[in-house]
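**Student:** Protein chains in written order, with our numbering: chain L, 6 to 265; chain A, 2 to 306.
Honestly, the hints are just simulated from the structure, not real lab data.
We put the CB at the ideal spot given by N, CA and C, even for glycine.
Treat the hints with care, since some could be wrong.
[Stated by the list, open to error] Each pair of labels, with its calculated beta carbon distance range:
id : chain 1 : residue 1 : chain 2 : residue 2 : range
1  : L       : Ala51     : A       : Arg178    : 31 to 37 Å
2  : A       : Arg178    : L       : Arg43     : 49 to 55 Å
3  : A       : Gly13     : L       : Ile66     : 38 to 44 Å
4  : L       : Trp157    : A       : Leu132    : 54 to 60 Å
5  : L       : Ala116    : A       : Gly64     : 15 to 21 Å
6  : L       : Ala132    : A       : Leu132    : 50 to 56 Å
[What the hints assert, rightly or not] To be clear about the criterion: a stretch of chain A counts as covered by chain L if any three or more of its residues have a C-beta under 8 Å from a C-beta of chain L, and this derived list gives those stretches:
id : segment
7  : 15-23
8  : 221-234
9  : 258-264
[What the hints assert, rightly or not] Incomplete in silico selection of chain L near chain A, CB under 10 Å:
id : residue
10 : Asp70
11 : Thr104
12 : Leu200
13 : Gly201
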Amino acid sequence: MSSLSTALEPQVTARGAGARPSLFRLTGVELRKMVDTRAGSWLLAAIVLLTIATVVARPFIDGSDSSLRGSFVDASQVAQTFLPIVGILLVTSEWSQRTALITFALVPQRARVLTAKLNAGVVLAAAAWVVILAITAVGTAFAGGDEHGATWSLPGWLIGQSALYLAVLMLGGIGLGAALQSPAPAIVLYFLLPLGFAALGAIPALDGLARWLDGTQTLEPLVNERMGAADWAHAGTTLAVWMALPVLVGLWRITHSEVN
Amino acid sequence: MIESQNLTKRFGGRTVVDDVSFLVEPGTVTGFLGANGAGKTTTLRMLAGLSEPDGGQAIVLGGRYRDLPNPGRRVGVLLDASAQHAGRRGREALAVSAQLMGVDQERVDILLDLVGLDRSAARKRVRNYSLGMRQRLGIAHALLGDPGALILDEPANGLDPPGMRWMRELLRDFADRGGTVLLSSHLLNEVELLADRLVIIDLGRIVAAGSHAELLAGSGTLVRAEDDQALRRALEAGGLPVRAASEGGFVVDAEPGRVGRAALAAGVAVSQLGPAGSAGLEQLFFDLTAGAGNGGGPNPVEANS
Chain L
6 MSSLSTALEP QVTARGAGAR PSLFRLTGVE LRKMVDTRAG SWLLAAIVLL
56 TIATVVARPF IDGSDSSLRG SFVDASQVAQ TFLPIVGILL VTSEWSQRTA
106 LITFALVPQR ARVLTAKLNA GVVLAAAAWV VILAITAVGT AFAGGDEHGA
156 TWSLPGWLIG QSALYLAVLM LGGIGLGAAL QSPAPAIVLY FLLPLGFAAL
206 GAIPALDGLA RWLDGTQTLE PLVNERMGAA DWAHAGTTLA VWMALPVLVG
256 LWRITHSEVN
Chain A
2 MIESQNLTKR FGGRTVVDDV SFLVEPGTVT GFLGANGAGK TTTLRMLAGL
52 SEPDGGQAIV LGGRYRDLPN PGRRVGVLLD ASAQHAGRRG REALAVSAQL
102 MGVDQERVDI LLDLVGLDRS AARKRVRNYS LGMRQRLGIA HALLGDPGAL
152 ILDEPANGLD PPGMRWMREL LRDFADRGGT VLLSSHLLNE VELLADRLVI
202 IDLGRIVAAG SHAELLAGSG TLVRAEDDQA LRRALEAGGL PVRAASEGGF
252 VVDAEPGRVG RAALAAGVAV SQLGPAGSAG LEQLFFDLTA GAGNGGGPNP
302 VEANS
């Protein structure tokens, strides 16, 4: 019973408990929260399985090459589509599952929680990027190559830009979740926005606007070509509007709202 | 030490907490009593830094809650046992917070033992928990950081009678070791056996506060007679205010001596005469909180009698 009674010993004087949790520790906690729920673990498992399925199915699709680069770009689309939902859920579940009551009681500096979530999103995106590369490398090895030596080449710009693409999509998901604080609207909007832009882009007068703000146009070059100055300007504008703005709106709402 | 200094909170022009002041001293348990909607939860949320007061100050361990560097290690907070991720396993819910607070992971298992959640319960996802299990998990969570003070909102809600008794003993023990406990309830009998002090709130205002004995002293005299109607006439003739007690007889706002003399003067044989005690406290609580007529549900006393 000694362990039970010491478990109850009230800490009348704070012994060694004064230290504020570091941002590193908070980031680790948020990473854990992305994978330790049923929704989170199933979503991540589904992303891995679909990525593998894409790599396996590719050789049977007409016109696809057997290069690592082609396989990597194709297989990345699974995570690019679904990984941001993990980010959306990481933020919105605090409200839909009401864990914000616990989170913000333990970390009253709410901006630090959002910062930790954004950090965790980048770490998860980086981890996903490594996993995708590993899966496609294994797939490429099994497929065997042609004799031209291009099979295993991966251009430097693609390595950097594809990792950046996944990271900004993830941050966009977290930002959207923080701004809306509710999973269903955030997920619906996340899938509808590109469709809406495709529709708007069909209107000639709005085409110019879409070239700056439509992520499907401005961000896709990140994985298709080495970006030029104009491309970066377009992508940067899109990210300012669809990533930075929601993060700021979310930050304002989180720090100014009552937690229920 | 937990101190509410003139705390005031308004939502959309309605004052839900109005100039609420009380003090919870180390080594004591304070019961924060009131009907649903009386302002208990809002007050506790302000104390835990989750809600910004419109007036007054919430002082926890000498300062503002949000200025505590690692608050979970100083103050255990349970505001809503249902506020846990339904898709997370019980043990994991504690383990995540232990990681956050920098508490050893082995303490998670010690606390699961302490609150009576066995291995199989700890492996279940929270969505499969009963309200009683959620309360146990919530109490384990509040104690996880080895705090010196506890702020618990309706912790007995959903516990069965043995569970309630277990919690009483746990919190009594915690306070006896020097801990500070503030817990709320809408049911008097949940807290009157446990609390050293009671603070009663109604419509956002403190209507009574004091120790059990202090409140009882003001709760009047319980008197019974074989002929209740004759007794009533006798007491009214003596100019004494009479209220029917819930289990027969009357609660009178006067000392037993005056009540006895009034009965004697009218020649009524009294079968019981003495301090109203618990019956009086229940009556007092009901009277004090009768103003909260929102929702139309059963009143808090009858709901549990």
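**Student:** So the hint says 50 to 56 Å: do the beta-carbon atoms of L:Ala132 and A:Leu132 match that?
**Tutor:** This hint is violated: roughly 37 Å between Cβ atoms.
**Student:** State, for the Cβ atoms of L:Trp157 and A:Leu132, whether the hinted interval 54 to 60 Å holds or is violated.
**Tutor:** holds (58 Å)
**Student:** A range of 15 to 21 Å was offered for this pair. Does it hold for the Cβ distance of L:Ala116 and A:Gly64?
**Tutor:** holds (20 Å)
**Student:** Taking a Cβ-Cβ distance under 8 Å as contact, does the segment 258-264 of chain A have three or more residues in contact with chain L?
**Tutor:** violated (count 0)
**Student:** Can you let me know if the beta-carbon spacing of A:Arg178 and L:Arg43 is within 49 to 55 Å?
**Tutor:** violated (38 Å)
**Student:** How about L:Gly201: closest beta carbon in chain A under 10 Å, or not?
**Tutor:** violated (31 Å)
**Student:** At a threshold of 10 Å, is the proposed contact between L:Asp70 and chain A supported by beta-carbon distances?
**Tutor:** Given a least distance of 41 Å, the restraint on L:Asp70 is violated.
**Student:** For the hint 31 to 37 Å, verify it against the beta carbon of L:Ala51 and that of A:Arg178.
**Tutor:** This hint is violated: roughly 49 Å between Cβ atoms.
**Student:** Within 38 to 44 Å or not, the Cβ separation of A:Gly13 and L:Ile66?
**Tutor:** violated (59 Å)
**Student:** Does L:Thr104 hold up as a contact with chain A if the rule is Cβ-Cβ below 10 Å?
**Tutor:** holds (5 Å)
**Student:** Taking 8 Å as the Cβ threshold, is the statement that the segment 221-234 of chain A is covered by chain L upheld or broken by the three-residue rule?
**Tutor:** Three-residue rule not met by the segment 221-234 of chain A, so violated; n is 0.
**Student:** Examine the segment 15-23 of chain A: at least three residues should have C-beta closer than 8 Å to a C-beta of chain L.
**Tutor:** violated (count 0)
In this structure, the earlier hints numbered 1, 2, 3, 6, 7, 8, 9, 10, 12 and 13 are contradicted, and the remaining ones agree with it.
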